[in-house]
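Fit chains B and C to the supplied structure of chain A, relying on the hints for placement.
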Amino acid sequence: MITAERKPLEEIIEYIKPYKRILLLGCNECVTVCAAGGRKEVGLLASGLQLAMLKSGSSIEIREHTLERQCDPEYVEELVPMIGSEEAILSMACGCGVQQLATRFKDKPVFPALNTKFMGGSLSQGVWDERCKGCGDCLLGLTGGICPIAKCAKQLMNGPCGGSTDGKCEISDDVECAWQLIWNRLKALGQEDRFLDIMPAKDWRSGGGGGPRKIIREDLAE
Amino acid sequence: MENFEPVIVAFCCHYCAYTAADMAGSQRLPYPSNVKIIRVPCSGKVDALHITKAFEKGADGVYVAGCLDGDCHFKNGNDKAAKLVTYVQNYLEEIGLEPERLEMVRISAGMGDRFALIATEITEKIRKLGPSPIKTVAA
Amino acid sequence: MKTESNLEKVLAAGHLAVTSECGPPRGAIAKELTDKAKFLEGVVDAVNVTDNQTAMVRMSSLAGSVLIKQQGMNPLLQVVTRDRNRLAIQADILGAYSLGIDTMLCLSGDHTKFGDHPMAANVHDIDSIQLIQMVKAMRDESKFQGGSDIKGAPKMFIGAAANPFADPFELRVMRLAKKIAAGVDFIQTQCIFNVEKFELWMEGVRKMGLHKKCYILAGVTPMKSVGAARYMKNRVPGMDVPADVVERMASVPKEKQPDEGVDICIETIERLKKVEGVAGFHIMAIEWEEKVEEIVRRAGLYPRPEIS
Chain A
1 MITAERKPLE EIIEYIKPYK RILLLGCNEC VTVCAAGGRK EVGLLASGLQ
51 LAMLKSGSSI EIREHTLERQ CDPEYVEELV PMIGSEEAIL SMACGCGVQQ
101 LATRFKDKPV FPALNTKFMG GSLSQGVWDE RCKGCGDCLL GLTGGICPIA
151 KCAKQLMNGP CGGSTDGKCE ISDDVECAWQ LIWNRLKALG QEDRFLDIMP
201 AKDWRSGGGG GPRKIIREDL AE
Chain B
223 MENFEPVIVA FCCHYCAYTA ADMAGSQRLP YPSNVKIIRV PCSGKVDALH
273 ITKAFEKGAD GVYVAGCLDG DCHFKNGNDK AAKLVTYVQN YLEEIGLEPE
323 RLEMVRISAG MGDRFALIAT EITEKIRKLG PSPIKTVAA
Chain C
362 MKTESNLEKV LAAGHLAVTS ECGPPRGAIA KELTDKAKFL EGVVDAVNVT
412 DNQTAMVRMS SLAGSVLIKQ QGMNPLLQVV TRDRNRLAIQ ADILGAYSLG
462 IDTMLCLSGD HTKFGDHPMA ANVHDIDSIQ LIQMVKAMRD ESKFQGGSDI
512 KGAPKMFIGA AANPFADPFE LRVMRLAKKI AAGVDFIQTQ CIFNVEKFEL
562 WMEGVRKMGL HKKCYILAGV TPMKSVGAAR YMKNRVPGMD VPADVVERMA
612 SVPKEKQPDE GVDICIETIE RLKKVEGVAG FHIMAIEWEE KVEEIVRRAG
662 LYPRPEIS
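Protein chains in written order, with this note's numbering: chain A, 1 to 222; chain B, 223 to 361; chain C, 362 to 669.
These are calculated hints, taken from the structure and not from any lab test. Quick caveat, the model's predicted, so the values are computed rather than measured. Backbone N, C-alpha and C define an ideal beta-carbon position, used for all residues, glycine too. Be aware that a few hints might be false.
[To be verified] Restricting the straight-line Cα-Cα distance to at most 30 Å, the calculated cross-link-like pairs of lysine-lysine (BS3-like) are:
| no. | chain 1 | residue 1 | chain 2 | residue 2 |
| --- | --- | --- | --- | --- |
| 1 | C | Lys558 | C | Lys594 |
| 2 | B | Lys275 | A | Lys55 |
| 3 | A | Lys20 | B | Lys275 |
[What the hints assert, rightly or not] Okay, the calculated beta carbon distance ranges per label pair:
| no. | chain 1 | residue 1 | chain 2 | residue 2 | range |
| --- | --- | --- | --- | --- | --- |
| 4 | B | Thr308 | C | Leu448 | 44 to 52 Å |
| 5 | C | Gln431 | A | Gly211 | 40 to 48 Å |
| 6 | C | Arg596 | A | Asn115 | 30 to 38 Å |
| 7 | C | Glu631 | A | Gly211 | 52 to 60 Å |
| 8 | B | Lys267 | C | Tyr592 | 50 to 58 Å |
| 9 | C | Lys474 | A | Gly208 | 21 to 29 Å |
| 10 | A | Asp193 | C | Gly375 | 31 to 39 Å |
| 11 | B | Thr308 | A | Trp204 | 38 to 46 Å |
| 12 | A | Cys96 | C | Glu365 | 49 to 57 Å |
| 13 | C | Pro603 | A | Ser124 | 31 to 39 Å |
| 14 | A | Ser58 | C | Lys474 | 40 to 48 Å |
| 15 | A | Arg194 | C | Ala482 | 26 to 34 Å |
[As the list claims (entries may be wrong)] Here are some chain A residues pointing at chain C (derived, C-beta under 7 Å):
| no. | residue |
| --- | --- |
| 16 | Asn158 |
| 17 | Trp183 |
| 18 | Ala201 |
Isolated chain A (complex conformation) (with noise of 0.2 Å):
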């Protein structure tokens, strides 16, 4: 998933100061399950902001919803009836859905409240890691199904380098070394020969290297 984390207040303050009238938009997919921009985290930002404001003697009236993907153009259509006299619209979805409303409604000023990080997956309750950076050429079949693109500090993929330590990262005693992780797989695969075969300089042009990407299904696409 697509991991966020809330902007600071005062930031999302100095975005909306000049409206009376806001809508807050939370999105029911990836930031609802990183606790960062769903319905709840909606109704606390909405709360925080209204206090904040009445606190310095202003007052906003912020309008609340929830899509159920602000990345995708069908839901977001849903708020042409609604949106009326709300003078900006203040989203809480990673940075994909904030460009979608920024796409859609073209007078209309759009600001994100979140960070977007990173994709990444639960490690335990309220932690998640990096996992993938997208390279658009998965080479985790390689490497025990572990990516040393997104979890080597270098992103080595020849192997640990030198500031390995007893499973560390040298960057890190909470960082754990990819490579340490990879050669733990291999070897409990039964793949231990797998580490000498060289990979080759990586084609970044996958990777985002050759431009903006784009992924064009033909016997979906109109």
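What follows is chains B and C alone, placed relative to chain A:
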């Protein structure tokens, strides 16, 4: 300011603090009428939004009263509540409200006297802190 | 012979090679580098010029190598993949070779977290093994990494680093095997204080016959003080300083500690000379270049062979 009577909202766990409040009543132990009790099935059931909404509606102070350490009827709802209170205290600070306006307390069902004492102490603390800046503006 | 590199010639003639290093200054004063390098003149076969070591901005290793070359010494150009992509690295290699630099070391580099620009992007377009492959293809096939032809191929003698002390230990020999398969000609190891562990690693190296496929220069460092020993033991990732070495440094008074550090270094060299497969020594006397000559002389590695 002289006549300031704070509004305190106390989210009280059904299994401990709420029963303690009852006991304080039956033992005729006085505690300030400023404290408005909201009974919850477990302190762990209290949501951040309940707390911010309480402040939005004009509370000057809020506390969540859960069971003693290890005594939660639902295993660890009281510990979850304590973590939530810390989280919301940080949020209050970001908003510009004194985090001291929110507190986590722990009481057992038999502690009628402790309930009355805490209710009094918190009311006095909030009285000293003064009215919530939110209410001042709203009024 | 693959190249004109003095280091290759010394090694190919069967001599124990000696290299040392010089870190370029954190400023544009050439003299700061050349003054340090003077201590190494006639004492070593090649001088490593570090590339933004510990991720701190310094004068470029290419410029530093040229300054060393102008002094009539043999620079060993260090290149890290952290700061430049494959275009920039290949351009620098062409430039370096055109200026008479024929020996280089392929590294991934310390993480930016450790340096003075932790906010900088880590490039890592390629890793150190892919860098070795690239430099080899430039030299042996006259091909750029992208596939097109090079007019005037840079003939680099290709080095890389190896750390026998990092984890997982069982991968350390295999990683050397990968560097050799990629085309490395020589290796400089991490500083050796734990000789037993190094011998264990070399045993694995010999078992795979790797010592016959590349030259292994054993890394040594003279310690200035017990403080330095403790720092390396506890703070430098991938460094193995056994407790008895620290104790030995601590057992002498402060003013005697530099001498003790040099003694330990020389004793280590003597022990390493007996290890089959060690082809020379890389003496890393960081900001203590004036001691290298004494170490080389006392370790019986002087004079350096003159090879034309």
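Identify every previously stated hint that the structure contradicts and give their numbers, smallest first.
none
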